[in-house]
Every structure is written in C-alpha cells, then in structure tokens.
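A.B. asks: Top line first, the protein sequences correspond to chains A and B.
With my numbering, the residue at position 181 of the first sequence is 181, and numbering never jumps.
With my numbering, the residue at position 69 of the second sequence is 69, and numbering never jumps.
It is worth saying that the hints were derived from the structure and are not from the lab.
Careful: at least some of the hints might be erroneous.
[Claimed, not checked] To spell it out: a stretch of chain A is covered by chain B in this simulated footprint if at least three of its residues, at any positions, have a beta carbon under 8 Å from a beta carbon of chain B; those stretches are:
1. 127-141
2. 338-352
[Claimed, not checked] Heads up, simulated PhoX-like pairs for lysine-lysine below, C-alpha to C-alpha not over 20 Å straight-line:
3. K298/B <-> K113/B
4. K174/A <-> K38/B
5. K300/A <-> K325/A
6. K317/A <-> K300/A
7. K238/B <-> K121/B
8. K361/A <-> K175/B
9. K298/A <-> K317/A
10. K298/A <-> K329/A
11. K334/B <-> K309/B
12. K347/A <-> K334/B
13. K329/A <-> K300/A
14. K329/A <-> K103/A
15. K162/A <-> K103/A
16. K334/B <-> K372/A
17. K121/B <-> K361/A
All residues carry an ideal CB built from backbone N, CA and C; glycine is no exception.
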Amino acid sequence: MLSQLNSVQEIEFLLYLTAIILGFQLTVYFFYRYYKNRDKKLPLNRIILSYGFSYLLLISAVLILTINRFLISESLLKEILYKLGYILIVFSSTAFLYFIIMKEFSRVINLNLLKLLTIISIIPVVIFIIFPISEIAIILPFAGITIICSIYIVIFQIQLIKTTRGEIKQRNVKILFGNILNISSLFFILEIFTNQFQTGLIDILLFTGIILLISGLLIASFGVYGFPAFYEFRWRDNLLRLFIINRINNTAIYSYDFPQVRDKGSHKDYKELFSSGITGIDNILSDISNTKGERIHKIKQADFLIYLEYGSDYASKITYSLVVKENLKSNRYFLRSIQNQFENFYKEILTGFDSLKGSEKAFFSSFDIILKEIMRRY
Amino acid sequence: MVEFPITGDIRLSLLVMEWIFVITSFEISIIFLLRFFKQEKTLRNLQDLGYFSLFAGFALMWLFFIIGDYYASTITETPFMIWDIGSERALFLNFGYLIMIIAGFFLLLCIEKYNIILLKKYLFTGLFLICAILFIILFFIDIRITQPVTYMFWGGFISFFLLYIIKFIKKLQSKGLILFFGLAFMLIGFLFTTDAILSIFGIQWRLIGAIMQLISVVLLSYFFLTLPPFSEFDWEEKLEALFLINNGGICLYYKIFTERKDMMSEHLISPAIAAINIMLRELSETTQPSEGFSVIKKKNETVIIYQGKFVSGVLYTSEELNLPKLALRDFVEKFETLYRNILADWKGETDIFRPAEIIANDFFRT
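All chains, full assembly: derive it from the sequences and hints.
C.D. replies: As structure tokens, this is what we get:
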C-alpha cells in the first residue's frame, strides 16, 4: 500500500512536511489568540476564529493530499483521500465565510451576498463526492466556485483593512498577504491543476508552490503574532468623555473630551457636577435599595450612556467613567484597558494617594500620553 | 553493523522525525534572532545572538547529517576530492561537526564576553577555539579521523553548562532542573545517533535519539527564553547609587544602594554631574541637551548618565551592564511623564518627589 519514494520525491515530501508543521503551528496560534480575547466578548474577534478554522481545514487537506501523493499506491484509497483532501479545501473557504456572517461585518461587506456564497461554496463538495477525481472536465468548473469564494475572502480582507486603523490594520495587511500567497500556492500544488502540465514541469510547479505556501504561512504568522482585541468598527466615533473620579471628595482627577464633543463646549463646572452627580446617584440608589456593596456599572440616558468601573486595592477610591453615545461591548473593554493602564502607571502615586494634597490634577494630566497610545493600538 | 544510506522500513519515519527536529531547531533559532533585533540597537546584548547560533547550528548540523546518512554515498574513494581517501558521507558529517563546533564557540564567546564561568574570562571560548582549530587541521589531513574532536566538544559543552548550573544554582532554582534535563536529553540523544552506539544496539535507537534531542531542544529553548542575560543575572547587586537631577543642576531625588565611603553629598554631586553633562555637550559640539546615554568608565566603577527632556538620571554601578541602563532610561521616562506638569512649574518643594522612591524600588528591584 505504501509507495517507495525516490530522492526528489523525498525532498518534496520533506518540504511539504515543513509547510504542514508551520501551518498547524499557525492554526494553534490563531485559536490561542481567540481564546485569549474570548472573555472580552468582542464580536469582531470571531475573525480570528474564522482564520483558525480555515487554516485548520486547509492544512489538514494539504496533509492528506501529501500523504496520498507520496505514500499511497492503492487506487481506491488514493481516490478516497483525494476526495477528502479537496472537500477539506472547499470547506476551508466555507468555514471562513460562515464565521464572518455577522451583523457587525455589514459595514464592510454585503451580508446577503456573503450568505449566498456560503451556501454555493458547498456545491463542489457534492461534485467531489459524486464524480471521480479523474473527471477533470466536470470537476474544474465547479472548483471555480471555490476560487470565486477565495477571491471574495480577499476582497473582504481588503475592505476590512480600509475600515480599520492602527495595529489591527497593519496586522490584517500581513494576514492578507499571507492568504494571497497561500491561495496562489494551491494552483501550483493541487494535482487537479498541475496534472494538466508535462511531467518535467510538475516538479518545478511543486517547488514553486511549496515556497509560496511556506512564505504565506510565515507572513500570516507575523500578522497574527500579538493580534490585539478587535474592537467594533464604531467604537472610536462612539466615545464622548472620560472621567476618572476621586470618590472621597467627588472630584475628577482626570478628564478627557474625545473629538466628538471637544468643540461643542460644556458648562464650566461640568466636570465637578458630573463627578459629584455620579457618586451621588450611586449613594442614593444604594440607600434606596439597601445594596451598599453593589455598584452601578451602566447608566443609560436618552442620547448617551455612562459606563462605570471601580478601582480596587490601592486604587479603591477611584471610579472610572466613560460617556458614550450607544451601547458597544468594545467601549466597556476600552474603559477596562484605561483602568488597567491608569492603575499600572500611577501605582506608586495611588499607593500614597492621600498625601498628594491638591496636586492630583498636575500628576494625572500626563495620562493624556498613555490614553493616546491606547487609542493608537486599537 | 548499520548500513548507510539508511534504507528499509525505518528510513521514512526516521527521516520525518529528524526533519521535524531540524525545523523545530531552526524555528527556535529564528525566535532568538528576532529577539536580538528587537532589542534597542545601543543596548543590544549578544546573548540572544549566541542562542540563535546554538539552535541554528543544531539545525544545520542535522541537515548535513540527514544529507550524509540518507543521500550520500559511503563508498570510500581514493583519492577523494582534496584528500587521499574519503567518502561523500564522511564529508557531509564533517560539515555538520564543524558547523556545530563553530556555533558552540560563538555561543560561549557571547556568554563569556559578559561573565567569568571558571578561573578567567574566555577560558571556555579559548578551549573551543583550540577544538575548532584542531578539527580544521584534522579535517584537511583526513576527514575520517575528526570524530574524536567532536567528543571533546560535547564534553566541554556539557562541562560549561554544569559549571554554570553550579555557579547560579541559587538564582536558577527549579529552572536549573530544566537546563539539567535538557542537557542530559541532548547528550544521551546524541549518543544514540552515533555510529558506535547504532552498530551495537541497531538503527531503531536513532529514532529514540532523535526524539530525545527534539525534547531537549524544546526544554533548552524554554530555559533560554525565560532566562535574563547571563551577565546581568545579579545586576541589582552591582548598583551603587542613583541620582535624578533637573536641567538646572538641582538634585530632585537620590538613592544609595550600597554604602560607599567616598560618595560625596548629593548637593555636591548634582552640580558636578550637571557640569559633566555640559562639558560632554561641549565636547560633542551640541548646544542643546540631547536625549540618550553617556557612559563614563573608571576602574571598578561606571557612571551611566541618561539625559531625558527635563531631567538627567545618573547611575553608579560597579560594571557597565545593559539592564541597569534600561532600568535607568525607563525610570527617567516614567518620572518625566509622571511629573511633566509639576516640573514645568516646580517651586522647589521636594516632598512631591517622594513617590519616586517606590518607582525606583520597582525599576531597580530593591
């Protein structure tokens, strides 16, 4: 059942093995990144899951087709493994399309078209099951559906890059280049394409394909390494004001107006009023419902919403408050990032908070620099 | 007796296993290379480059072993290229040994540049250099007799790390075990792949040897990735004093790490350092204070000055090391960010800088 390989085939096999090792490592890393950001419940993080499943299926297909090409000689088993490999490649694009069917992505892509393509993308599977792989004339046109789906995935990625900013954008560009190389490599290594060429040319195509595949996987790895949490597209436009409040004397030790409200101006005592108001609401509600230990985490008004987070340990006197236009999970997570950064950076100052004696604002105004850095990252 | 090139049922599984070993070693070497280039140019420590050399050396050595044992002829030819006698396999194996010896030499050079492991600096590097020269001489005389030199190499390599474990046992703690097992797996694994052992136990032991070496590479890479630079293991103990001086020459904060009899008062040190800064600027013909490091070295003492936008940090150490430099820069930058608005309108009260003590303790791990 097992074939004996000549030296050239053995080297080809080892190169495939290299790509497979890299591919599975990349897949594991995609899942790890998704798992790391999972508890933040940010919907757009599903794109990492899409890449993970897509690569898992693609690399599994490459593994099966490699074993089949180099090691299997029994014809029935060979046919079954070919079918299985090609079906996995089809499912690789289907999985990606399926996972990005989300309301949030309607800003970058037509969801109806996406749903239609996801359904159509399964058609080649039926063809692969029914017809033998040797029936190239029937199979190739249907394989075209998978090619169209792959092109659509690339278009989606380009649109995504246009919509995003900062580090997310840079990383998406790398993943896009990696994907383009990986998709291109399939034309050089899949036998339904390469078998149309002369025997001497096939080895050259195979080596070219495998170099493209390895390069694509490496570039995609650089893209996914340290991929930050993916905020919703509107998170930036949704921000209005940030207040960091000293709960003891109800004063804002730091405040920031985001561009949406910067030019609008506000009442001159607005910051003091806001700080006292938030603490007051918290106290009144606690008294009414007799829930002193419980804290308010969200206040919704007609045209705005306030997220609240509370410091602990050495920052237990601090309340973090973010005013936004509408309810977005990304903004809640953004406020938590602010809290983490603030408490980490001012740890030493917050430890001796009581001794600051009126110089709080002078100290904490430097948080502008850190806030801009957090904004740049996402 | 094992026959080469390796044939039979075990050939493919052995080849796959050894190839995975090559790829893994190569990937790990790339991680170290990237880590080296990620370091700030002026503060780069050669240690990561040494690890890169070690793992890339392993990968290349095994690549040549694979070529030699699977694809090269063992037929002895007379003459063979520039030698009186030799074979393709012997040539490729020698390339592998030579690369590993050079890689090991480079690793030790990178470690001993900063640290004395036994008796004097560069002792092991010197021994490895002799080993490499001896190997090259034997290589040109007869490529069949070089293998004993590799045993010397492995002996030296293992001894070096055993001495290292003994020296740093307290600091290494449980990590010392990882290093120990990593080295043990490497040594035993390599032994199982030598012709002498294979001819006694059979070719299947080579598969076990390759697996053991793969485990060893993973263990050693984990150990090296989580280890601070060898030279800077005890950098905190080499700190002597820290001063923070504003552009007007006033000491805003100071901390003495070790009591030094000859250290003058901070009120005198501050203007002295400010004067040195001005002189250095004059010497480098820059009129404006430019951000960055200046290092002044004396016997048994180094003064590191980091000039920030508003303040200068001055650190006295007993040796010039990179980690204190990084700590000083981070400390000055955090201080400046924190006190940016206060420094702009400072009226002379020093109480406000009291939190700097906690920041200093944090950055300088005291």
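A.B. asks: Each hint: holds or not?
C.D. replies: Hints, verified against the model:
1. 127-141: violated (count 0)
2. 338-352: With 7 residues close enough to chain B, the hint holds.
3. K298/B <-> K113/B: 19 Å, holds
4. K174/A <-> K38/B: Cα-Cα ~18 Å, so holds.
5. K300/A <-> K325/A: Distance of about 10 Å is within 20 Å: holds.
6. K317/A <-> K300/A: This hinted pair is violated, its Cα atoms lying about 23 Å apart.
7. K238/B <-> K121/B: 18 Å, holds
8. K361/A <-> K175/B: 45 Å, violated
9. K298/A <-> K317/A: With a Cα-Cα distance of about 18 Å, the restraint between K298/A and K317/A holds, given a limit of 20 Å.
10. K298/A <-> K329/A: 12 Å, holds
11. K334/B <-> K309/B: 12 Å, holds
12. K347/A <-> K334/B: Since the Cα atoms of K347/A and K334/B sit roughly 12 Å apart, the hinted pair holds (cutoff 20 Å).
13. K329/A <-> K300/A: Between K329/A and K300/A the Cα gap is close to 14 Å, so the pair holds against 20 Å.
14. K329/A <-> K103/A: With Cα atoms ~14 Å apart, K329/A and K103/A stay inside 20 Å; holds.
15. K162/A <-> K103/A: 18 Å, holds
16. K334/B <-> K372/A: Roughly 16 Å between the alpha carbons, so the hint for K334/B and K372/A holds.
17. K121/B <-> K361/A: 53 Å, violated
Going down the numbered hints, you'll see the structure goes against 1, 6, 8 and 17, while the others check out.
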